[in-house]
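With the hints as constraints, model all of the structure from the sequences given.
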Amino acid sequence: MRKLVVVLILAGFVHGATKDLQIAAAANLSPVFPELLAAFRQAHPGISVGVSFGASALLVEQIRKGAPFDVLLAASPEYADYLDPAIVRSRTTFAIGRLVLYIPKHTGVALYRLDTLENSRIRKVAVANPLHAPYGKAAIAALKHAGLYERIKHKIIYAANASQAAQMTIHGADAGLIPLSSALHPALRDSGNYWLIPSELHPPLEQIAVLLNDSRPARDFFDFLASRKAREILSRHGFEEQ
Amino acid sequence: MEIDYQLERPLKLHARLFVNGLTVLLGESGSGKTSLLRAIAGLLHARGKPYGGLRPEYRRIGYLPQGYALVPHMTALENVALPLRGSDALRRAHYWLDRVGLDLKSKRRPHELSGGERQRIALARALAAEPRLLLLDEPTSALDATAREAAIDLIELIVSEENLPTLLVSHDPYIAARSDLLAVLENGAVRQQAPPHEVFSRPASLSIARMVGFTNIFPGKITASENGAVWIKTGDLTIFAPTESPIPKGAHVHWGIRPEEVMIVRPDRPLSAPLARNRLQARLSRLIKKGLIYVLKVSGAIDLEVLLPRHVQDRLQLHEGDLLELALKPAYIHLFSSG
Amino acid sequence: MSEAFALSFKLALITSLTLLVLGVPLAYTLVFKRFPAKPALEAALLMPLTLPPTVLGYYLLLLFAPDGALGRLGLKWAFKFEGIWLASVLFSLPFALTAYRESFQAVDVEVLEVTRTLGISAVRRWTHVIIPWIWPGLLSGTMLAFAHTLGEFGVVLMVGGNLPGETRVASIYIFDLVQAMEFEEATRASLIFVALSFLLILVVRTLETRWRSITSSNAR
Chain A
0 MRKLVVVLIL
10 AGFVHGATKD
20 LQIAAAANLS
30 PVFPELLAAF
40 RQAHPGISVG
50 VSFGASALLV
60 EQIRKGAPFD
70 VLLAASPEYA
80 DYLDPAIVRS
90 RTTFAIGRLV
100 LYIPKHTGVA
110 LYRLDTLENS
120 RIRKVAVANP
130 LHAPYGKAAI
140 AALKHAGLYE
150 RIKHKIIYAA
160 NASQAAQMTI
170 HGADAGLIPL
180 SSALHPALRD
190 SGNYWLIPSE
200 LHPPLEQIAV
210 LLNDSRPARD
220 FFDFLASRKA
230 REILSRHGFE
240 EQ
Chain B
0 MEIDYQLERP
10 LKLHARLFVN
20 GLTVLLGESG
30 SGKTSLLRAI
40 AGLLHARGKP
50 YGGLRPEYRR
60 IGYLPQGYAL
70 VPHMTALENV
80 ALPLRGSDAL
90 RRAHYWLDRV
100 GLDLKSKRRP
110 HELSGGERQR
120 IALARALAAE
130 PRLLLLDEPT
140 SALDATAREA
150 AIDLIELIVS
160 EENLPTLLVS
170 HDPYIAARSD
180 LLAVLENGAV
190 RQQAPPHEVF
200 SRPASLSIAR
210 MVGFTNIFPG
220 KITASENGAV
230 WIKTGDLTIF
240 APTESPIPKG
250 AHVHWGIRPE
260 EVMIVRPDRP
270 LSAPLARNRL
280 QARLSRLIKK
290 GLIYVLKVSG
300 AIDLEVLLPR
310 HVQDRLQLHE
320 GDLLELALKP
330 AYIHLFSSG
Chain C
0 MSEAFALSFK
10 LALITSLTLL
20 VLGVPLAYTL
30 VFKRFPAKPA
40 LEAALLMPLT
50 LPPTVLGYYL
60 LLLFAPDGAL
70 GRLGLKWAFK
80 FEGIWLASVL
90 FSLPFALTAY
100 RESFQAVDVE
110 VLEVTRTLGI
120 SAVRRWTHVI
130 IPWIWPGLLS
140 GTMLAFAHTL
150 GEFGVVLMVG
160 GNLPGETRVA
170 SIYIFDLVQA
180 MEFEEATRAS
190 LIFVALSFLL
200 ILVVRTLETR
210 WRSITSSNAR
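Residue numbers (numbering that gives the first Met the number 0), protein chains in the order written: chain A, 0 to 241; chain B, 0 to 338; chain C, 0 to 219.
No lab work stands behind these hints, which were simulated from the structure alone.
In this text the structure is predicted, and so the values were computed from the model without any measurement.
Do not take every clue at face value.
Among chain B residues calculated to face chain C with C-beta under 10 Å, some are [to be verified]:
no. : residue
1   : A68
2   : P71
3   : R98
Beyond 10 Å from chain B on every Cβ pair, some chain C residues (computed) [as the list claims (entries may be wrong)]:
no. : residue
4   : R115
5   : L117
6   : I119
7   : T186
Built from N, CA and C at the ideal position, the CB exists for glycine as well.
This is how it looks when you write it as structure tokens:
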């Protein structure tokens, strides 16, 4: 009986740990976040940070339903418009994302522009869900612009978000339209090739940061995103400057 | 004590009876005797006295269901001690176990005991709670003949030693015969209540007669009546029978005599005047041995069932096909009220 | 990783204890009492068995959002531990309830009736008769609910979001790792999970066998 009480008390302590800073980040940022966070922590030690990744639309929905995030990083400005203006303290574009066509080596197809997708060896193409993820929307726009959509749409398999699209690409799909940051991830970098899709073919993937809570740690992070250190890290992971 | 209970579910019932000493409630299966018992115990919704709508926990009754309902994970002693509180609870439990003769098996669990033993433990448990009324539901139905005998002996002993009014429900006429008072439940009410020998020899209705093993029942018409007696004609036979209340000539009645009370006339012993009446000739059509009793089926002017103890048959040496003369002593003849 | 597992354990523990407190009286009522609404009540309680976890989670999210029916009453439990605790209780209730019901059904109702006529208090009836009769069954049912809660994903994700330290349980954590392509860590965490689940089920089965041997040796 006494053992039970001890366990219960310990369990209570686990709950006590609420983070100082809660960030909602679009899934395509997951490859760059570990480094960003490490740099942020170095500059601002002692702050506990929690990050939740997901498709931009999903994160906005959660925030509308009361999810306690302090900062939102979305892969496109349009979803942020759905937020109640009263809770948007500040808003800025901190980077531009790029879309690539990635083909894993095991597909055995030489990569040459978007038309490669018509190759019969490519049976499944992973794309983020265009309804929820800006990268998905961009991918479909690019395909339509290149006149390929109708011809290859039957090959498309949808992932919940941009980073899941990358994961699906190396776990069963033959190709994927994924973020550049994911293609540069160690898991993909040496296992395949990518082709940068011209940014004219799709709406810009403006990475925006929204400040939802005026707390000290939140402001610190918001400002950190504009710092030189952050920009340097972002560019190494395939993000371009505004 | 007086019992007056009305039930609506699971069947309609209004039973009024007295419980005095060992009272047996006799009834056929489905007549509602178990329901009545459960109602008195408080386990079934009913109106009545005593107890009214009192919760079972507050009624000072001991209830023994057909399955005995011992707690399987407790020993015999623990079961008996269940209703007891206080420092001397175990001592009292031992006392009651000893009263039913099972103190030596106090550490056994129910699955290690025989049916009869389990019943005795359940009885001890009910008695340990010191009830003012004991309710027993078919306590002997699941037992073999020896265990049945032991059980009813024990119950009789306890009832008299404790002076505990006990209502025992049964469909077994043998148990009914052992009671101090017998009540018959039929058609939703108690139709007759009297000491057993009276119910057995003078059942109040044909259906009660059937229940108590009264098998020789015949329809007839009153041909004449005198002071305290009537003459009944059944087929070719005219029977003389005493009656308490006068019955008009021409009325249709039912009369009967218990198989045990049919007399076989012996040629060497002349009969006195009353027996000279109600004589008939009959042929022995079947002779069946049932244990220490012989069942004779005879056919003549009427067909009768006769029960003979073994020693009588040994003496008479009857065989199937024999022609017999029978006498029906008027005192043993019972007239049934309509139906 | 330890944060996620600790959260999973905490959720499973609190959920199964809640189920024990709620489920035992419920199971008792369903087995021994009769009332007109009973079939409807049973159906409602067992519904999560056939309902997709995401559907259940979705409706709970709507209820607990600040503008939801319960959120407006002050129960703003979306994206909080309380929210996933309630979701887990509802979702695992059918499992626990079925196990508890089976335990109670092994109790002879005639015995319970007789204990009433013996004038035994309700407390004594529970402590001396009922609990000793069924406790291994109750324990195994509770552990089953524990194991089931450990593995939950859809409901927790819907109602809780994915907040580290608050609602990011181990199952969601592993999913996150795979999406972020941290495959080594994902493999490690998954193996731990498999080992834990196996151990739990082993304990449940051992208890079950022990319970069956007790009740069968008591059978008349």
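Against the structure, the hints come out as follows:
no., hint, in the structure
1, A68, "holds (4 Å)"
2, P71, "holds (3 Å)"
3, R98, "violated (17 Å)"
4, R115, "violated (4 Å)"
5, L117, "violated (4 Å)"
6, I119, "violated (6 Å)"
7, T186, "holds (47 Å)"
The structure fails hints 3, 4, 5 and 6 (numbered hints given earlier, in ascending order).
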